[in-house]
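There are 2 protein chains.
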Amino acid sequence: MQILKDRIRREGKVLPGNIIKIDGFLNHRVDTKLLEEIADEFAKYFDISKITVVLTAEASGIALATACAQKYGVPMLFAKKAKSDNIESGLIQSEIFSYTYKKKVTLLVSQEWLKPEDHVLIIDDFMANGYAMGGLVDIVNKAGATLEGIGVAVEKGFQGGGDKFRAMEGVPYHALAVIEKADENGIVFRGEE
Amino acid sequence: MQILKDRIRREGKVLPGNIIKIDGFLNHRVDTKLLEEIADEFAKYFDISKITVVLTAEASGIALATACAQKYGVPMLFAKKAKSDNIESGLIQSEIFSYTYKKKVTLLVSQEWLKPEDHVLIIDDFMANGYAMGGLVDIVNKAGATLEGIGVAVEKGFQGGGDKFRAMEGVPYHALAVIEKADENGIVFRGEE
Numbered sequence: 001m002q003i004l005k006d007r008i009r010r011e012g013k014v015l016p017g018n019i020i021k022i023d024g025f026l027n028h029r030v031d032t033k034l035l036e037e038i039a040d041e042f043a044k045y046f047d048i049s050k051i052t053v054v055l056t057a058e059a060s061g062i063a064l065a066t067a068c069a070q071k072y073g074v075p076m077l078f079a080k081k082a083k084s085d086n087i088e089s090g091l092i093q094s095e096i097f098s099y100t101y102k103k104k105v106t107l108l109v110s111q112e113w114l115k116p117e118d119h120v121l122i123i124d125d126f127m128a129n130g131y132a133m134g135g136l137v138d139i140v141n142k143a144g145a146t147l148e149g150i151g152v153a154v155e156k157g158f159q160g161g162g163d164k165f166r167a168m169e170g171v172p173y174h175a176l177a178v179i180e181k182a183d184e185n186g187i188v189f190r191g192e193e
Numbered sequence: 001m002q003i004l005k006d007r008i009r010r011e012g013k014v015l016p017g018n019i020i021k022i023d024g025f026l027n028h029r030v031d032t033k034l035l036e037e038i039a040d041e042f043a044k045y046f047d048i049s050k051i052t053v054v055l056t057a058e059a060s061g062i063a064l065a066t067a068c069a070q071k072y073g074v075p076m077l078f079a080k081k082a083k084s085d086n087i088e089s090g091l092i093q094s095e096i097f098s099y100t101y102k103k104k105v106t107l108l109v110s111q112e113w114l115k116p117e118d119h120v121l122i123i124d125d126f127m128a129n130g131y132a133m134g135g136l137v138d139i140v141n142k143a144g145a146t147l148e149g150i151g152v153a154v155e156k157g158f159q160g161g162g163d164k165f166r167a168m169e170g171v172p173y174h175a176l177a178v179i180e181k182a183d184e185n186g187i188v189f190r191g192e193e
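Each protein sequence line maps, in turn, to chains P and C. Take the first sequence: its position 113, counted from the start at 1, is 113 in this note's numbering, and no numbers get skipped. Take the second sequence: its position 98, counted from the start at 1, is 98 in this note's numbering, and no numbers get skipped.
Calculated directly from the structure, the hints in this document are not laboratory data. For clarity, every value in this text was computed on a predicted model and none was experimentally measured. Where is the CB? At the ideal position from N, CA and C, for every residue including glycine. Don't take each hint at face value.
Stated by the list, open to error - Here are the simulated lysine-lysine pairs, DSS-like style, with alpha carbons at most 25 Å apart:
no.	chain 1	residue 1	chain 2	residue 2
1	P	Lys104	C	Lys103
2	C	Lys33	P	Lys103
3	P	Lys102	C	Lys104
4	C	Lys71	P	Lys81
5	P	Lys71	C	Lys181
6	C	Lys21	P	Lys44
7	P	Lys102	C	Lys102
8	P	Lys102	C	Lys81
9	P	Lys33	C	Lys115
10	P	Lys71	C	Lys104
Unchecked claim - One side of the interface only, derived from the structure: several residues of chain P facing chain C at Cβ under 7 Å:
no.	residue
11	Asp31
12	Thr32
13	Trp113
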């Protein structure tokens, strides 16, 4: 998606350790007009008519998933991240390693809001190693729901998460901007090398 | 806001300890159509033309704040909750007591995205004691920005947070559904007693 790549190149900051900051328009301050354009773009890659719910993980995925769900006319469901052990019953859980918290966290979705008859589109704003995404896929499977697709706005291609999902059979995966390299010389997207 | 009150009464669950669960349409699974209606309703109470940014706190406020910011044509900014001590520089911080985590957490907004020239509308989905809201107001003040209003979808009136902000001079506060009582006999809204 060209306008997204242009924004990343223009406003993204590359920090030491391959960290790419895009917090001016995607995951801290959020450009809601851009979210709508991203939602329209995802609609080209997935069969939106089948979808009954958009699933994401807290916190930064919520804004984009809301814009998508609004556009597609379905509810948005976000998995909560539990850092405590006092987890209630009636929850579908998946334990993941959180890069942000540098420890294991549990993704949680209430059984009540994800049913076997659901057709799920998973949306996230950002993917690096894909651990959180793996947890969301696990939750959809545990619910017995149908995974219709996975859409990611910005993928750090060099961290391998995206390729793992591209290799998954039967589930369309699409990332709108795949960053292949980010260093002091700037940002290179996949397909541009 | 009648449709919101109707939803709370119909779908809300009252748990022991005055806990009101509205996670089927507002803060876990989210009805995006309702968010749009709430955004339209807030626009009746605040001078939207003045606003340059909608501010909220992660995580559950993000969905509603996104729908509002989208409707008003401005960016949405969410304060992050830091549970660690390694906080970067360049951040506006406010320490609050988190009822969810049962400990102090720090709300953080990057200085870069909240400036003295900003006119801020704070939006949150839910307010009980108002600690998180107090932190957001503190952040707006520390940024030297102008607070144009505070909008809350559901307020637990009996926990006092809302009345604290109603008493604040010069800043319009509005909650769309104020729950005055919630027990085994059901939910009573302010004005209905």
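Here is how each hint holds up against the structure:
1. Lys104/P x Lys103/C: holds (20 Å)
2. Lys33/C x Lys103/P: violated (36 Å)
3. Lys102/P x Lys104/C: holds (20 Å)
4. Lys71/C x Lys81/P: Distance ~28 Å between Lys71/C and Lys81/P Cα, so the pair is violated.
5. Lys71/P x Lys181/C: Roughly 36 Å between the alpha carbons, so the hint for Lys71/P and Lys181/C is violated.
6. Lys21/C x Lys44/P: violated (36 Å)
7. Lys102/P x Lys102/C: holds (21 Å)
8. Lys102/P x Lys81/C: holds (15 Å)
9. Lys33/P x Lys115/C: holds (21 Å)
10. Lys71/P x Lys104/C: Violated, because 37 Å separates the two Cα atoms, which is more than 25 Å.
11. Asp31: holds (6 Å)
12. Thr32: The hint holds - Thr32/P has a Cβ within 7 Å of chain C, the shortest such distance being about 4 Å.
13. Trp113: holds (4 Å)
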